[in-house]
Amino acid sequence: MPDSPTFFAITEDEIDLNALLAQITLTSSGAAAIFTGMVRGITRRGEAHETEFLEYEAYKPMAEEKMRQVADEIRAKWPTVEGIAIVQRIGKLFPKTPTVLIACTAAHRDTGVFEAARYGIDRLKEIVPIWKKEVGSDGQFWVEGDYIPERGD
Amino acid sequence: MNHIMVLFFANLRDYAGSKSLPMEIPIGSDVKTLKKLLVRQNADLEQALQTVLVSINHEYAFDEDVVPDGAEVALFPPVSGG
Chain A
2 MPDSPTFFAI TEDEIDLNAL LAQITLTSSG AAAIFTGMVR GITRRGEAHE TEFLEYEAYK
62 PMAEEKMRQV ADEIRAKWPT VEGIAIVQRI GKLFPKTPTV LIACTAAHRD TGVFEAARYG
122 IDRLKEIVPI WKKEVGSDGQ FWVEGDYIPE RGD
Chain B
36 MNHIMVLFFA NLRDYAGSKS LPMEIPIGSD VKTLKKLLVR QNADLEQALQ TVLVSINHEY
96 AFDEDVVPDG AEVALFPPVS GG
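These protein sequences, in sequence, are chains A and B.
Here the working numbering is used: the first residue of the first sequence is 2, the next is one more, and so on.
Here the working numbering is used: the first residue of the second sequence is 36, the next is one more, and so on.
Treat the hints as calculated values from the structure; they're not laboratory data.
These numbers come from a predicted model, not from an experiment.
We put the CB at the ideal spot given by N, CA and C, even for glycine.
Check each hint, because a few of them may be wrong.
Here are some of the chain A residues that sit facing chain B, going by a computed Cβ distance under 7 Å [to be verified]:
(1) 60
(2) 66
(3) 130
(4) 150
Given the sequences, and given the hints that come with them, work out the whole structure.
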């Protein structure tokens, strides 16, 4: 649909916020909610540890289909959302580097656009097949999520 | 027999020792049967298969789902993107 741009990508390249925002901004857009996550070098919550780098990998064709599904779910829940961008960077990424970005645009900020972006990142962490290996003070290990998909996920 | 391709990701790939494995499985085999066949080939996988997620042709699949001929099956741990 030309009126509701949806952009998603799994890339080894740097995430370019301005370019993504331009892609999902319509003439009628007046608000964007953007979530981005980055590599945390020092973790204090829970088991405190330091991270040297994270190494991300994806099951690309399925991940792209699941990103599309997340976008469809956002549109079903928040029909006022205009544009959606979902980007995951993969490869070897060091502390302070943005790794993921979810952005939603809408006409106004009180249309659910914040909740839509929040839902997008939560859902990505549940169903999009991407994994990270953590390398740091505790050695190296694959980080395992805690969500077990159900039928329809 | 059905011909399928099994893909491994993250820790499953480490256990399997390879990214992909072409397999022949009996017609009508479900996911549970496929897991048993994999453990028979490689006992190192047994532990990892306890909490594994499975997809068939890019959709999440479950123990009782039949694996169709030509399927691309992937095995991986709960996802940790973001």
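Going down the list of hints, with the structure as the test:
1. At its closest, the beta carbon of residue 60/A sits 6 Å from a beta carbon of chain B; the interface hint therefore holds under the 7 Å criterion.
2. This hint holds: residue 66/A has a C-beta 5 Å from the nearest C-beta of chain B, less than the 7 Å allowed.
3. A least Cβ separation of about 5 Å between residue 130/A and chain B falls short of the 7 Å threshold, and the interface hint therefore holds.
4. Evaluation of the residue 150/A hint against chain B yields a held restraint, the C-beta minimum of about 4 Å falling below 7 Å.
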